[in-house]
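> In case you want the letters, here they are:
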Amino acid sequence: MKLAFVSTMNRKLYDYYGKTFLEEFAKFSSKEIKLFIIFEGEYPEEALHLGDNIFIIPLLSPEHQLFMKKFGHLEEAKGLRIQVFEEKGQRKIKFDQDLRFDAVRFSFKPFAIHQSLNYIPEDLDYLIWTDADLRCKKNFSPKDLIKFMPEENQIMSYLGRKDAYSECGFLGFNLKNINTKKFINRVIDVYHTGEIFSYAQWHDSFIWDVIRLVFENKLNLHFKDISGNGFEKAHVYINTGLNEYFDHLKGPQRKEAGTSFEEDYSKLVY
Amino acid sequence: MQTVAYYTDHYVNQLVTQFFSKSQNLDYKKISEYKKNDNIKFCSYGILRGTGDAINSSVEYIYIDHGFFKSSNRNFNKDKRTSINELTGYFRVIKNDLYFNKNYTSSDKTRFNNLRIPLKDLNQNGEFILMSEPSEHVLNYLKIPTWKEETLSLIQKYSDKKIVIHNKFSELSLDDLIQKAFAFVSCQSTAAFKSIAEGVPAYFTHESLSKFGSVKNIEDRYLNHDLLFAAANSQWQLKEFFSDEFKSYLDNINC
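In the order they appear, the protein sequences are chains V and A.
Sequence positions in the first sequence follow our numbering and run 1 to 270.
Sequence positions in the second sequence follow our numbering and run 1 to 255.
For each label pair, taking beta carbons as the anchor points, the in silico distance ranges come out as: (1) V/Val269 with A/Ile117: 53 to 63 Å; (2) V/Leu80 with A/His225: 51 to 61 Å; (3) V/Gly258 with A/Lys29: 31 to 41 Å; (4) A/Thr110 with V/Asn153: 29 to 39 Å; (5) V/Glu76 with A/Leu152: 52 to 62 Å; (6) A/Thr110 with V/Asp96: 51 to 61 Å; (7) V/Ser30 with A/Ser214: 47 to 57 Å; (8) A/Thr110 with V/Asp52: 29 to 39 Å; (9) A/Met1 with V/Gly72: 43 to 53 Å; (10) A/Lys36 with V/Asp52: 24 to 34 Å; (11) A/Ser32 with V/Asp96: 43 to 53 Å; (12) A/Lys30 with V/Glu32: 19 to 29 Å; (13) V/Asp52 with A/Ser32: 15 to 25 Å.
It is worth saying that the hints were derived from the structure and are not from the lab.
We put the CB at the ideal spot given by N, CA and C, even for glycine.
The following block holds chain V by itself, in its conformation from the complex (with noise of 0.2 Å):
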């Protein structure tokens, strides 16, 4: 079984906690699991000696540039929003920053997983996207994470959570299934179409979730919700059985901390 990770970062989270994510993997992982990392402008040279197993690409996607061409420069498409009410008998507008709306801040995602598919090795059988701010604990190898790997009818594992979106720090895609890169490029035509705009919430979990959703109701097609007892809590991603290698860093406070606290073991969604 043959698998790859990739993420994505630029210079700035590099700093704050992707170097650190680099340097974990590169202890932990067994030689054989790659990690492709998608850069976002310049990166630092010392990144390309971090792991004999990392491999640093710069974001090279043409659909991402025409993305940023069409919708890159609208403020709302960048989170702001824009509130009309009425306030003891004031008409008032209130300007304001939703990341659910950051369509742009959240787009590096898809587009780094997009960009990716050109560049891994063609006999994987796994790909999984992971955020970069993860703490890898101790060794893993292929054998240890295939338990999260989709089965081979269905296209993609995910973390799905009790009436919210899916955390989509990790999503494992099966690339023998046919179907794979067809779910991997509707996603992508969300985006460069503008279709994305016409959704509920505009950051890539969300879209993720809704493209999903369509593969399965209308299309019959499989995915595997990796979340177990997860489900209900709130920090799912370290109550699946993954936080035995990994630990992700959800959040600005947890990345202050360096770790996840204990509370996340426990808290559910509500």
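Guided by the hints, dock chain A onto chain V, whose structure is given.
Chain A only, in chain V's frame:
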């Protein structure tokens, strides 16, 4: 002999050499660390930023550059800068030469056929000889500053056809010109391979390629398809660097 891949400060060089070195478990060093050592086989991409000098001083080397067909999508701008949109195309991987393997030629058609490039019959209506000028970098590197004048004279020695000169900053596209060409002459241009596929015979002045088409035979108009098959067997996408087929190729060129 140990092979060492060297990188420059250019991101394309870094990407290609990174894939080559890490896929083949080779040492990976910055070009500034290069020191002439006859026990080291030098490997890098391109001839700029110090790699050309290192190649010149190396007994053995592996040279990587854009492929003969379906190379990555590049735009040559008027300010003489090249912009790159993606790097998913093919790269040629050559031993002890910049342009073609001298000691390994495979004319197996499989990889060429996989490119799905149609081979047109000989163009019977060619109006002129299309002469493709090397880039300034190539002229300097190969020390052929008077290539244009010398090649014009050479062609005129063997043909009285009209000659049209093209370089990568010309207004007219090479693709359009090839459609009306009688023959294509270059030093070592990869556009020659496209020319042959389009039914226009190609001739070279560089010693590595002139055995596949010499200007003195320009009126013979022979479409050398074996050259295309051999070229397709010497070019690889980055994702193929991980494959057993690529490893076999490196064994075949004695890398």
